[in-house]
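Novice: Chains A and B are the protein sequences, given in the same order.
Mapping the first sequence onto the working numbering, position 112 (from 1) lands on 112, and the numbers just tick up by one.
Mapping the second sequence onto the working numbering, position 235 (from 1) lands on 367, and the numbers just tick up by one.
In case anyone wonders, no lab produced these hints; they're calculated from the structure.
Since the model is a prediction, treat every value here as computed from it, not as a measurement.
Keep in mind that a hint or two might mislead.
Cut-off 20 Å, straight-line C-alpha distance, at most; resulting in silico cross-link-like pairs (SDA-like, lysine to any residue) [to be verified]:
| hint | chain 1 | residue 1 | chain 2 | residue 2 |
| --- | --- | --- | --- | --- |
| 1 | B | K422 | A | E122 |
| 2 | A | K35 | B | K422 |
| 3 | A | K92 | A | Q27 |
Next come the chains, spelled out residue by residue.
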Amino acid sequence: MDGESKRVLEYLTEVEVAAEDVLTTKQQIVDLDTKRNRNREALNSLKNEVSDSEKVKVCFGSVFIKFSKLKTMEMIQKDQKQLDMEINNLRKGLKAKVNRLNEMQGKPELRGYNLSPLSSDEIKAINGLLKK
Amino acid sequence: MAIEVEMATTKVPEVRDITRIERIGAHSHIRGLGLDDALEPRQVSQGMVGQLASRRAAGVILEMIKDGHIAGRAVLIAGQPGTGKTAIAMGIAQSLGPDTPFTALAGSEIFSLEMSKTEALSQAFRKAIGVRIKEETEIIEGEVVEIQIDRPATGTGAKVGKLTLKTTEMETVYDLGNKMIDSLSKEKVQAGDVITIDKATGKISKLGRSFTRARDYDAMGAQTQFVQCPEGELQKRKEVVHTVSLHEIDVINSRTQGFLALFSGDTGEIKSEVREQINAKVCEWREEGKAEIIPGVLFIDEVHMLDMECFSFLNRALESDLSPVLIMATNRGITRIRGTNYQSPHGIPIDLLDRLLIIATSPYTEKETRQILKIRCEEEDVELSEEAHTVLTRIGMETSLRYAIQLISTAGLVCRKRKGTEVQVEDIKRVYSLFLDEARSSQYMKEYQDSFLFNETQTGQMDTS
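The shape of chain A in the complex, shown without the other chains:
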């Protein structure tokens, strides 16, 4: 293989790796959101269907352990917080990754990508303009 085609191959590999990276992050967000929603369902059913004194079985890997309801809820809530944070971090990272991919492919940078959002009050004030 001569130098030219080697360079092309290298470049294409690089782009593919970057694209794969973006896809993996996206999938990771989906998986985490699935988990977050399942946790939310669990919290709801604990709140509505189980009395405070009852103990519930919690599954850890392959074993079920009996826990008090309050402690379980506390655990899940902590888990939720962790998940929220992780999803946020992934989303932030995703932006940089998409930018890098675009740059590699020679596409123009997305406009207004790095702006911080207006607050909800400000949006409300100029809503008439945006709904055109």
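Got chain A sorted already, so can you dock chain B onto it with the hints?
Specialist: Relative to the frame of chain A, chain B by itself:
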């Protein structure tokens, strides 16, 4: 009868393709400046022909506008009538893309009874400055799998319910409170709809019905829209970037106006305090990274129609830090500045002229005229025979390019009337005898001026300044 009914139900509604009928304007064939990547002008490209030097100059300015380097500068395109001044300005507008604001107005447009000249000018200035902002919302987006609402047996009291939503990747159940149940039933949400729920406000909006449910009912309203089941996670973050002009923000904040002001187009005058407030707010947003300011382009055609007051306003306005690139065009030589008795080149005061980058356009050569006529023929859907093309080019050289362009569509009509497919020399001759050009018309005037009314203005040089 029964067969007829069946026919009616199985008949697929005809899809009628609506092609937009656009009127053909004088510069509708311009798609850009016709430059290559190195900013070198091509002889014929994107509807532009010739004028290589001025197009190259315009290209340099265009790049500077794109990089945001020359906000608050002004450019003057000067040249004889019919040498492509407006075409160059249109080319700049086309190559800037849809995101950079471009406002065009003619010099005489600012004279109106409802609005002062400076107000009209400042509105035009502010229309040419864009502000890019971002809106961010957390939404839950998914296809409704099932809604289950339990009403209490007594008829009163709190309702409870469950809503199952899915995307292509996941599915989950939400417990519903009273409020959500109410807004769901208000929106008439049912299984198979694709909905979004705004997390902050709880507002539900229906996007349409899922494709997989397209066969649920036989009869459906024409307004039913089918959409794909959403992909990815259920709880999404949506970011939308908007570009609005400063003038639009002015209008909604100008309190004496109702919110309808934007639609009626009649905005009246906007107080300078409102403008200052908006400027302060936008600058604050920019500092906080919430907004980007996009200086656009304001194009004033026939700029010699502006008077002394307008010119001094322009001088001042160009110095403001929120100022667009100003492009002006004029076909005047040394002439009186409107509203004064002083003569000045292009009818523009020397002090303003001093701030301008001046691009000159020169008359087209015969070859270029030929090419322009060819492009216009394509644009107006008229086929021209080789001889007719040559004749038309001669007419264009001897009278004016505009007159020759006028003859294209009229000759096309004559040709169609005699059921021909290609315009021949006879068609050109016919319209040439039907319509006078400027020189023949004035010749006619000189010969027969005694028989016209009000012919006392014998020395009548038209006062155009």
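Novice: Run every hint past the structure and note whether it holds.
Specialist: Quick rundown of the hints versus the structure:
no.: 1; hint: K422(B) / E122(A); result: holds, 11 Å
no.: 2; hint: K35(A) / K422(B); result: violated, 33 Å
no.: 3; hint: K92(A) / Q27(A); result: holds, 15 Å
The structure does not agree with numbered hint 2 stated previously, though it agrees with all others.
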